[in-house]
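Undergrad: Chains as they are written, first to last, in the working numbering: chain A, 4 to 352; chain B, 155 to 497.
Source of the hints: derived by calculation from the structure; they are not laboratory data.
We put the beta carbon where it would ideally sit given N, CA and C, even for glycine.
A couple of the hints might just be wrong.
[What the hints assert, rightly or not] If you want a taste of the chain B side facing chain A, the calculated C-beta under 8 Å gives, among others:
hint, residue
1, S213
2, S324
3, S384
4, P427
5, P431
6, V435
7, K441
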Amino acid sequence: MTAPLLSVRDLHVTFGLDEGSVRAVDGVSFDVLPGQVVGIVGESGCGKSVTMRSILQLVDEPGRIKQGEILYRMRAANGQPETVIDLTKLAKRGPQMRAIRGAEIALIPQEPMAAFSPVHTVGDQIIEAIQLHHTQWVPDGSGVSRAKAREIVVELFRDVGISMPEQRVDAYSWQLSGGLRQRAMIAMALSCKPRLLIADEPTTAIDVTTQAQVLALLRELQRKYGTAIIFITHDLGVIAQMANSVVVMYLGRVAEQGPVDAIFHSPKHPYTRALLRSIPSIVGETQVALPTIAGTLPHPFNRPTGCPYHPRCDERKGPECAARVPNLQPVDQGQSVSCFLHHDSSDTQ
Amino acid sequence: MTASHSADTQQPLLQIRDLRKFFPITAGVFNRTVGHVRAVDDVSFDVFEGETLGLVGESGCGKTTTSRCILRAIDPTSGQILFRRKNDEIVDLAKLTREELQPLRAEIQMIFQDPFGSLNPRMTLFDNVGEPLLVNGMTNREERTDRVADLLKLVGLRPEFMHRFPHAFSGGQRQRIGIARALSTNPRLVVADEPVSALDVSVQAQVLNLLLELQSRLGLTFLFVAHDLSVVRHISDRVAVMYVGQLVELAPTKTLFSRPRHPYTSALMRAVPVPDPRIPVGEVTLKGEVPSPANPPSGCYFHPRCRFATDRCKVEAPALREPSPGHFVRCHFADELDLTTAF
Ligand SMILES: Nc1ncnc2c1ncn2[C@@H]1O[C@H](COP(=O)(O)OP(=O)(O)OP(=O)(O)O)[C@@H](O)[C@H]1O
Ligand SMILES: Nc1ncnc2c1ncn2[C@@H]1O[C@H](COP(=O)(O)OP(=O)(O)OP(=O)(O)O)[C@@H](O)[C@H]1O
Ligand code: SF4
Ligand code: SF4
Ligand SMILES: [Mg+2]
Ligand SMILES: [Mg+2]
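For reference, chain B alone in the conformation it holds in the complex (with noise of 0.2 Å):
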């Protein structure tokens, strides 16, 4: 079962199947393998054109290790991702070769959580954000600076800023000459791994206005992985939600959040703050660690903390369905659990 929309209008730009990352666990001076971490354990869902998914879940669950298999920096263990080219050819990212992946690097993308780390700080805002465009093959140093003014412009910052170095920019501005980095290209997908969690409250709401506003304007498609709900929720059309390597739920962000039908979903929105003092504080539904991905659960990989485990759960790993149209859900009991959230 795939995670796609039934009432399917828009066409997919991203067709995750089945994707697997596993990462061996060596030991000895032979660096014997020992075990797995199953980081990415069976994941597919689509990506539509224009678009953007989020890709929610607590620390170590995947999120990370699944952008990166789609941008090829590191290689899938098995599984399919396929990307409609501007030409509506479909490619096997996971199948190319570095050779045969280098003319699609332009067309996808990546917004990294650091915008300290993500920047060359030996390089002026010109080399930094048109190195993309060199590696791509416009060698014209004038077109280059002309495409550069613009992109600095696109994302609220001066052009004159182009032959200041990194350091001279607070975090919020520097995310911006990282957007402006990805953008360079004119891709079509985008990949953004936590891009305003490194950010104040204030800058992040100018950051996510600045990707909403992108977005509309140049048709991007975005894949927003974050662990902050109510940003998840505040810039995501669709919303999945991932737990120890897999994807267990997968719905429109108003239905996800109106009418959850995992329970780790709804635990999980349960435990966020609400920036209200006269809503009671709710009682702490999610106990216990999580499990690590390389040694998981029996059964339902959720039943160790989940409050509705029966023993059917212990033993039965939960296939991914979708009891309505465009709701996945990787739960035995989802058609009967009554999980009205706080919301």
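One chain only, chain A, in its complex shape (with noise of 0.2 Å):
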């Protein structure tokens, strides 16, 4: 079996506020193999955006990683082995969590406007980005000059679909529209030649046609330069075309994992299942009632005992749903699923 590129283990991140505190992330675990896309989807709120910034140490105060693991696999460099690394015992500015950030692992982040600061022109800020991290391109340590490094975002204009690179790359970010902004970020993601790319949510904002090509773009570089990446959205249309293995999150817990084709024909969670009936779906029957999930999400403050579906759950198996909390447990090839129906196994408290 491949090593995965990226291990996240039991990963705990809380918010303390005056009115009490958020477990946004309760306990995650997930691999990304390298070279694959994994898709992540759940509800609003669900701690889809939190997991990520974990990951770069970029999470917002007062949140704080109170337990669990990120090993990251680094590449072999400057003659030193393939090494294992657990980026939250890196410190947060220290020198090895600024290498690795853009060099190794790329956000595409989920509020467009702010990736580009919006008093320097795009062009600049990724130049920036390529003469900070400079070995990436020339890695005998001679540098970028500023010339080259400009060759080079206008190369990525290119490649990620911009027309008139020359020009678009003076302009400033809220220049852009909507698409090209979208693609202006993901080159600044590619700038520094990551081998694990996240992109929460990098399609939401545009429409069905830009996004098309931005996914066609992004299966390219996968296949060209055999990225990893992690991608986050809440359509699952996208997941079904991007991902090798699907990730379902529900309050800040894996519901259910696997890889896609098992995730959209043999799903094995109850919030899975209904999620997938509650699509209207471009080829179904029309016009009439869309199953949907009862109730709401429960408030963060608010966290069910138990399983935290359990309140909505339309297959609920009995008291030890609202007793113990189940946790991931593999149940079929490669397929992982935190359900009292599939296996008995509870986290203890």
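Join these two chains into a complex; the hints should help.
TA: See below:
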């Protein structure tokens, strides 16, 4: 079996607020294999972005990683062999974390405006990143000149399908349309040749036509450079097209995880099943009531006891669902699920 | 040519004729007009009583501007917006003054995309939902309380919630509150601009079900604006497709999705990712960027991106035609092209 590039183990992230503490991420585990696309789905607020920001040690205050490991396999360099390091142990602003951000792991953040500063051109910002991580382009350490970095940016813009790249390099982010800004963000993320790209809803704000182009682009990059991708989206259609494996999250935990075909064709967790039923399909019957998930997402201060999904579960097994917290256990070919319908294992409390 | 039913059984509630909305582009200290954004550029269609007409198209194609003209939140540049009132009187909303519009406000209501922005955070649900009632002359507080309670029940919220503020509710619940507010005056036409776009899939399903149910119970007519084709297909009787300010195709939902006649419609459909990993990913057929409505291309606005474009398309703008009854399309070659979709 291939060793994972990234392995998130039992991650817990808490926000201590005046009203109480929010367990935004409450025991998340998943692996990313080299060159694979992992899709992450789940309702708003279930902890997708916080999990991703934890990987890069970018969790906003007052968020804290309370528990767990994030193991990353550093590539061999300068005669150093491959090493596995726990990212949670690195200083947030230390040199090691900075060397990893961008060059090893790049993030396309969920807020498109947050990615670029409004006072510098997008080109200048990408040039700066390339010069900072110059060994990604010129391994001998002799550096990348500004002119050379600019050439690289123009080339990247061309790769991501930005027309008139020579002119667009000098634009400010607010001068670009949503679709162009999204592409510029992808160019920025790729500018240091990361081995792992984390895309947090990179196509939510853009049209299907532009989305199709962006997805095709990401697939090509993954094929060409073997970049692994973690892809977060609400859109199950996008997941079906992009992912090799899927992680379904609910209230800060992994409900189910497995190969994309298993998730779509033999989902095991009641939440995954309900989610798949609730989407209007482009081929299904129209103007009929869609199956829905009963109730609403609990308030983060008001987590249910036992299985977090039990107040809404339409396949509830029994009293254990409200008493104990099922944990993620393998049940089938690479498929794992947190549900008592499939095993009896629970967290110790 | 107008997009109306040929085999006409239903009556149109709304008839849009040659609607245009141009926004001036100004420059210099004297705000000289140097050009126009042709946001809505000669659009005509009908909305029949009791139906849902879906309006789709890429960002910036003029969906919201069309909706805002109908609501007269903005004044159209030209064209007619004929609305049939309860007493069958037909009025042109485009020509009415603010005062003349006032009595019509109750009959036409709006649901917005942003469930957070459309409610006043400093007002309770009672005031948020009851405000249109007050504006329309229901001054008796008790009467309003009863009506608000009924409305909350109608959209699946508990009447006890009436005295709470919007921030105490989730996105889906807030959208329900927005719907209750829109329905408070017993409107006949509801214009919904991206009403489920900001919601999670599971919440989206609840709100779509609610809209379908309310429509059948109250006989509402919807103009449903959205960019998600699966959602539009699910809820609409007919679908209109816009491109750069123009209507390029309009047909009954099933016909449009199984046999689109405009190259843009078929490309748009092919771009929708199908939620089944066993269906191979289609080739990207629509490349390039949407042209600016300030400077649309010559001839057919779609020609720079159309894989069927000919020399004729570059110079001659196609008219909206009706090649088969009830199916409207703006393309020179609508009768000849073979545009089978993936579905
Ligand atoms: N800065 C913060 N302060 C307090 N709580 C926060 C903060 N950031 C996130 N949270 C909480 O953490 C939880 C998870 O948030 P997160 O942003 O990871 O959700 P998400 O799954 O990415 O949702 P979405 O789909 O809406 O982007 C939420 O309950 C949220 O309220
Ligand atoms: N007040 C305004 N002044 C100038 N231009 C405007 C104004 N409102 C809209 N526009 C322009 O008119 C065109 C149509 O915009 P509109 O908002 O109607 O598009 P839309 O189809 O609703 O797009 P979206 O899917 O992004 O909501 C766009 O090019 C837009 O920039
Ligand atoms: S553990 Fe029980 S409540 Fe939770 S998903 Fe499984 S059956 Fe439903
Ligand atoms: S008129 Fe020509 S360019 Fe326009 S859609 Fe038809 S074939 Fe394409
Ligand atoms: Mg997020
Ligand atoms: Mg709009």
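Undergrad: Taking the hints in turn, state whether each one holds.
TA: Now the hints, each set against the structure:
1. S213: Holds: closest Cβ of chain A sits about 5 Å from B:S213, inside 8 Å.
2. S324: It holds, given that the least Cβ distance between B:S324 and chain A is near 5 Å, below 8 Å.
3. S384: holds (5 Å)
4. P427: holds (3 Å)
5. P431: holds (4 Å)
6. V435: Given a least distance of 5 Å, the restraint on B:V435 holds.
7. K441: holds (7 Å)
This entry satisfies every hint, going by the numbered hints stated previously.
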